[in-house]
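So the chains spell out like this:
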Amino acid sequence: MDMEFSPEDLAFQQEVRDFIAENYPADLRDKQDEGEEMSKEDFLAWHKILYKKGWIAPAWPVEYGGTGWTPTQRFIWSEETARADCIRLMPFGLAMVGPVIYTFGTPEQKAHFLPRILSGEDWWCQGYSEPGSGSDLASLRTAAVADGDDYIVNGQKTWTTLAQHADWGFFLVRTDKEAKQQEGISFLLIDMKSPGITVRPIITLGGEHEVNEVWLEDVRVPQSQRVYEENKGWTCAKFLLAHERTGIAGVAASKRGIEKVKAIARTELDGDKPLLANAFFKRKVAELEVDLAALEFTELRSLAGPNANRGPGPESSLLKIKGSEIQQRLTELTLEAVGHYGAPYFRGFGEGDNEHPIGPDYAHRAAPTYFNMRKTTIYGGSNEIQRNIIAKMVLGL
Amino acid sequence: MDFTYTETQDMIRDTLARFLGDTYDFETRQKFINSDSGRDPAIWTALAQDLGMLGAPFAEEHGGLGGGALENAIVMEELGKVIGVEPYLPTVVIAGSALKAVGGAQADAMIPEIIAGDAIIAFAYAEPQGRYDLANLRTTAKKDGAGYVLSGHKSVVYAAPWATHLLVTARTGGNPRDRDGVSLFLIDANLPGIVRRDYPTVDGSRASEIYFENVAIPGDALLGGEGAGLPLIEQIVDEATVAVCAEATGVMQKLHEGTLEYTQQRKQFGVPIAKFQVLQHRMVDMFMEVEQARSMTIMGTLKLGLPANERMAAVSAAKAKVARGANFVGQNAIQTHGGIGITQELAIGHYFKRATMIEGQFGSHDYHMDRYERITLAD
Chain H
1 MDMEFSPEDL AFQQEVRDFI AENYPADLRD KQDEGEEMSK EDFLAWHKIL
51 YKKGWIAPAW PVEYGGTGWT PTQRFIWSEE TARADCIRLM PFGLAMVGPV
101 IYTFGTPEQK AHFLPRILSG EDWWCQGYSE PGSGSDLASL RTAAVADGDD
151 YIVNGQKTWT TLAQHADWGF FLVRTDKEAK QQEGISFLLI DMKSPGITVR
201 PIITLGGEHE VNEVWLEDVR VPQSQRVYEE NKGWTCAKFL LAHERTGIAG
251 VAASKRGIEK VKAIARTELD GDKPLLANAF FKRKVAELEV DLAALEFTEL
301 RSLAGPNANR GPGPESSLLK IKGSEIQQRL TELTLEAVGH YGAPYFRGFG
351 EGDNEHPIGP DYAHRAAPTY FNMRKTTIYG GSNEIQRNII AKMVLGL
Chain G
1 MDFTYTETQD MIRDTLARFL GDTYDFETRQ KFINSDSGRD PAIWTALAQD
51 LGMLGAPFAE EHGGLGGGAL ENAIVMEELG KVIGVEPYLP TVVIAGSALK
101 AVGGAQADAM IPEIIAGDAI IAFAYAEPQG RYDLANLRTT AKKDGAGYVL
151 SGHKSVVYAA PWATHLLVTA RTGGNPRDRD GVSLFLIDAN LPGIVRRDYP
201 TVDGSRASEI YFENVAIPGD ALLGGEGAGL PLIEQIVDEA TVAVCAEATG
251 VMQKLHEGTL EYTQQRKQFG VPIAKFQVLQ HRMVDMFMEV EQARSMTIMG
301 TLKLGLPANE RMAAVSAAKA KVARGANFVG QNAIQTHGGI GITQELAIGH
351 YFKRATMIEG QFGSHDYHMD RYERITLAD
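Line by line, the protein sequences give chains H and G.
Counting along the first sequence from 1, when you hit position 173 you're at 173 in the numbering used here, and nothing is skipped either side.
Counting along the second sequence from 1, when you hit position 19 you're at 19 in the numbering used here, and nothing is skipped either side.
Each hint should be verified, as a subset may be incorrect.
Dumping the calculated DSSO-like pairs for lysine-lysine here, alpha-carbon to alpha-carbon at most 30 Å [to be verified]:
(1) H:392 with G:275
(2) G:143 with H:238
(3) H:180 with G:142
(4) G:31 with H:375
DEER-style ranges, computed between Cβ atoms [what the hints assert, rightly or not]:
(5) G:59 with H:384: 50 to 56 Å
(6) H:180 with G:8: 46 to 52 Å
(7) H:74 with G:228: 50 to 56 Å
Read the hints as simulated data drawn from the structure, not as lab findings.
Quick reminder that beta carbons are idealized off the backbone N, C-alpha and C, glycines included.
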């Protein structure tokens, strides 16, 4: 057991730093640094740079386009991209449906979809939640009825992140109404341009258009776009959720976030001293750092420990719970740190609008980000559901 | 970067776990901790001579297993699982670390005695006025010819009633709380002028108040440089601190497992109380604290070799987190057990008592947060 980077690891670290320095666009870095909303083009710009380099999917098996990096190299990669304020990659293709397709898909599905996920040609969204099915996901009612070689799909999905950009969606639909809840569900890949699909925006607390309602009315989907067996979609869903949970820990990004909070608290004054000299505020920062270290080493144990090759299991729920709590505390501290200038509300600036916004730059997105990040303990299976998963799968209760 | 254990480390853990499983069941422990001496010396001898366990962190040239802090952590975690009172911490971890650090003739003489199980060394560092400040010392060692004369009062010296030797911090110069002028001595525990008041501790061990009344000690009892001992003392206390974090991990794991087991047997309202979601989620929260304690112990252990400031920040982060976790897991284990949890009958309460003492050992949560902040969040 050791924490040393080998000479090869250090060389890799340098290679990553050089690559980012030479290739990561400065305008993206600035937007990320200030926590601004990203456009589809922003996301795709960085995606395509990494695709060209062959570094778009480090977690994938090499045969499908992965990098073959060691856990240490992947750790270095996430550290360095966070340090450099690289924008995050959309997880829906790379971290969610991609692994489902290469694990459960047909050769044709793999050959068609995986290269398009890697290249960024297809933008994916996730059709899971429904108005009546949140934490109780298996109660979902969107139904697919066989019709020749197709299914006809009807229903409503909600909280569909960035569906307004999506070319494709992966959907959980009911294919057997008689079966027990979890046994009648199938996993379908649906072209978002199919007739009968309507996407309607939901505006969240920070003013973002991030999530949507998706309505499906008599949408015709070829059965060849079903992944895995009919009525076995829950297997794919559980697999995907475990994958999603690990990425959700967000350790490297939270480390970067703490650096930013500290920088703000060294700038903001409290009396005649920096806010960071306030014993109460300082203690909150310190507690957050300590908790983040505990999360980091818990994640490292799972990535580079004895069970590293087993893939994400139910214990990844711990990473999701603690990671999301830390993300929220971070945004809460940031908002606290900026004081009065948390209040002014900006919706970005139009083309050619050079008027300087009110208050310090670091304050503009503090409140909207705080509001927005309340989602982290709700999505991906709420933290209460994660506790149920640990209770059942790890503790055997 | 690698977070796996070597085969030797796995073997140490397995061997020790088997041995303790055979010798240290709860009833047996209760018998010997309540005996006159408070321990079963045969266990220490077996740990040394049958298992070679007291050599875990020492070099092979001294007769050890060639390990280090990770091996200590493994042993301490296993001792934690049986709430063992064996003086591994002061003897092997603390005195062992000091001897390894100074090396030379003192190490050559003493380490083989430790490994053989012939030496038990208690660490006399705390004083009534000193709280967790290692430099806040009124005990003095005054130069006297080739040797020193030791005077002062040391508090709550765990394992002192069993000790053959004492590792003592004392002032050879400067004022109380100065960083300079602190020295470390390894002395015979039975020198004339050493007066002990022995007592049991709430967590099942034995300890003493020790009064040094003009105790003449030889010059070669000094470990390291005269008056320059504080950095060494800080280092060995950091080693000890992560070792109790490891012990805490074992204690917390047992508190959690005991609670899981109990809630599956105990029925109320016609069902095992483990069916209640409010208790399930609490036990999940306990599980997460155990896992994070384990992570922080590994983090602290792996960073013991870093430069002093980085080492201290890491150790303080670990201890602060583990102290909170031990508190949470201990209190909730008792609460979940209900009335039976506050009796002496079940093991769970005894694990809780040890967990509670570990919270403060070598510095409370607040002490370590303060130290962490001074290093990493300076204005």
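| CA of residue 143 of chain G to CA of residue 238 of chain H, is that 30 Å or under? | violated (72 Å)
| Taking 30 Å as the top limit, are the C-alpha atoms of residue 31 of chain G and residue 375 of chain H close enough? | Distance of about 54 Å is beyond 30 Å: violated.
| In this structure, is the beta-carbon distance linking residue 59 of chain G and residue 384 of chain H contained in 50 to 56 Å? | holds (51 Å)
| task | Just tell me: holds or violated, for the beta carbon distance of residue 180 of chain H and residue 8 of chain G against 46 to 52 Å? | result | Because 50 Å falls inside the window, the suggested range holds.
| query | How does the Cβ-Cβ distance of residue 74 of chain H and residue 228 of chain G compare with 50 to 56 Å: does it lie in that range? | reply | violated (44 Å)
| If you draw a straight line from the CA of residue 392 of chain H to the CA of residue 275 of chain G, is it 30 Å or shorter? | holds (10 Å)
| field | Given hint residue 142 of chain G paired with residue 180 of chain H - CA-CA distance at most 30 Å | value | Answer violated: residue 180 of chain H to residue 142 of chain G is near 82 Å, above 30 Å.
Figure legend: structure checked against the earlier numbered hints; hints not met, in rising order: 2, 3, 4 and 7.
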